[in-house]
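S.K.: The chain contents come next:
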Amino acid sequence: MSFTEALSIAARSVYIAGTATLLAFTWSFPLAYTMSLGRKARLLATVLESLVGFPTVLVGLLVYMLFSRSGPLGFLGLLYTPYAVIIGEALLITPLMTGILYRVLETTARRYWEVAVSLGASEGQALATALREAFPAVIATVVMGFSRAIGELGVALLVGGNIRGYTRTLTTAIALEVSKGEFEDALALGAILLVIVVSLSVAARLLLREERP
Amino acid sequence: MIELRSVWFKYDKRWVLRDVNIAFKRGTIVVIIGPNGSGKTTLMKVAGLIYKPTRGEVLYNGVNVWSLPKQKRLEARRHVVYVHETPILLRGTVRDNLTYGLKIRGYSEDRIEEEVESIVESLRLRSLLDKKTGELSAGQSQLVAIARALVVKPQVLFLDEPFAHLDREKRSIVSTLLREYARGRGMGIVLATHDEYLAEQLADNVVNIGEIQGGQNIG
Numbered sequence: 066m067s068f069t070e071a072l073s074i075a076a077r078s079v080y081i082a083g084t085a086t087l088l089a090f091t092w093s094f095p096l097a098y099t100m101s102l103g104r105k106a107r108l109l110a111t112v113l114e115s116l117v118g119f120p121t122v123l124v125g126l127l128v129y130m131l132f133s134r135s136g137p138l139g140f141l142g143l144l145y146t147p148y149a150v151i152i153g154e155a156l157l158i159t160p161l162m163t164g165i166l167y168r169v170l171e172t173t174a175r176r177y178w179e180v181a182v183s184l185g186a187s188e189g190q191a192l193a194t195a196l197r198e199a200f201p202a203v204i205a206t207v208v209m210g211f212s213r214a215i216g217e218l219g220v221a222l223l224v225g226g227n228i229r230g231y232t233r234t235l236t237t238a239i240a241l242e243v244s245k246g247e248f249e250d251a252l253a254l255g256a257i258l259l260v261i262v263v264s265l266s267v268a269a270r271l272l273l274r275e276e277r278p
Numbered sequence: 043m044i045e046l047r048s049v050w051f052k053y054d055k056r057w058v059l060r061d062v063n064i065a066f067k068r069g070t071i072v073v074i075i076g077p078n079g080s081g082k083t084t085l086m087k088v089a090g091l092i093y094k095p096t097r098g099e100v101l102y103n104g105v106n107v108w109s110l111p112k113q114k115r116l117e118a119r120r121h122v123v124y125v126h127e128t129p130i131l132l133r134g135t136v137r138d139n140l141t142y143g144l145k146i147r148g149y150s151e152d153r154i155e156e157e158v159e160s161i162v163e164s165l166r167l168r169s170l171l172d173k174k175t176g177e178l179s180a181g182q183s184q185l186v187a188i189a190r191a192l193v194v195k196p197q198v199l200f201l202d203e204p205f206a207h208l209d210r211e212k213r214s215i216v217s218t219l220l221r222e223y224a225r226g227r228g229m230g231i232v233l234a235t236h237d238e239y240l241a242e243q244l245a246d247n248v249v250n251i252g253e254i255q256g257g258q259n260i261g
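Going down the list, the sequences are from chains A and B. In this text, residue positions in the first sequence follow our numbering: the first is 66, and each later residue adds one. In this text, residue positions in the second sequence follow our numbering: the first is 43, and each later residue adds one.
Source of the hints: derived by calculation from the structure; they are not laboratory data. It is possible that part of the hints are untrue.
[Stated by the list, open to error] SDA-like cross-link-like pairs, simulated, lysine to any residue; straight-line CA separation at most 20 Å: (1) B:195 x B:156; (2) A:105 x B:95; (3) B:174 x A:131; (4) B:52 x A:175.
Whenever a hint applies, use it, and build me the whole structure from the sequences.
M.R.: Shown next, in the form of structure tokens:
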């Protein structure tokens with residue numbers, strides 16, 4: 066495998082996992098926020114937390130059935146496209162992101178909301194303050210979601226199909242190289258994956274250290 | 043003045059406040075004593091207009107605050123400040139924290155500067171002003187939390203265990219300042235504490251929370 070191809074696969078992986086993370090965030094955050102306002106959301110939070118360990122291959126299978134030609138969303142023609150992988154990964158990391166964001170909003174944000182209110186903030190000002198204070202934890206959650214998305218194999222393989230130059234990601238490429246007995250290439254791709262995940266984590270830590278009080 | 047009339051407060055399935063009737067007047071220092079879990083903090087938060095009571099009324103200057111429209115309620119809330127037992131400071135510097143309450147009230151830059159100068163002088167916080175809040179000790183954090191509340195000059199101030207992390211010198215500075223605010227400026231000050239010595243030293247009235255819990259548990 067050429068270096069250019071490896072880089073292209075890495076870039077595609079970052080794009081797919083990044084978009085999936087953003088997509089998951091767009092519904093996880095409002096859901097977590099709504100849950101944090103209600104007192105009876107703990108049961109839902111427990112259910113979401115138990116879904117964090119949902120097998121990726123099972124998510125892949127469900128998304129496959131959803132987008133397959135005879136499936137309910139088959140008419141969209143998304144199977145074996147990067148979009149199907151993005152949707153599948155977004156669904157996969159939704160319980161993780163919603164569960165953690167709920168805890169963040171329930172504890173950190175609520176605490177700071179209360180401080181703001183106690184100092185005379187309007188509801189809008191208190192919400193803005195609470196979100197500002199919860200920002201580092203929100204960033205950490207996004208990084209966790211991305212790391213889970215970029216490192217998963219089941220969804221990418223089942224609904225992406227590992228098509229060269231189109232849906233091949235780092236994890237599907239590693240699986241392919243191992244099946245061919247090309248362990249050097251697999252290790253090189255694994256190293257790239259590790260560098261991406263660790264770099265992002267370190268970058269987030271540095272950002273949050275700057276942001277810390 | 044803040045008055046609680048037949049206030050009940052339920053947390054999860056437990057009644058924490060049961061038919062509480064009490065008034066906190068301007069110019070007096072009231073100390074609330076009681077064991078852990080007796081409802082001191084909840085009482086302070088309900089009286090501090092943070093929590094809405096499950097039943098009953100909280101009156102500010104004779105008006106039921108929770109029946110007011112949002113804007114009017116906000117105006118009332120801005121005269122009442124509550125300080126948490128564990129100091130919770132906002133990210134940023136001590137100055138950011140001290141200016142927070144003034145900024146959200148829309149004060150001018152000059153006035154903010156003037157008010158901050160005054161409280162910094164009173165509580166000897168100058169050396170901390172540009173420090174990040176994460177670099178402060180527990181005692182310094184508590185002092186900043188108290189300063190942040192005093193700087194907005196509330197009519198009624200609720201302080202939950204305000205001396206817990208303070209050394210003797212700082213306790214003395216804060217006690218003197220609280221007396222000055224109560225006597226000189228007519229601020230109503232309500233403290234929750236376990237410290238009965240402190241209660242005797244500072245209080246015009248000492249209230250045992252067990253004695254103001256009126257009603258029996260209801261479903």
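S.K.: Taking the numbered hints from earlier one at a time, note which ones the structure violates and give those numbers from smallest to largest.
M.R.: Those not satisfied come down to hint 3.
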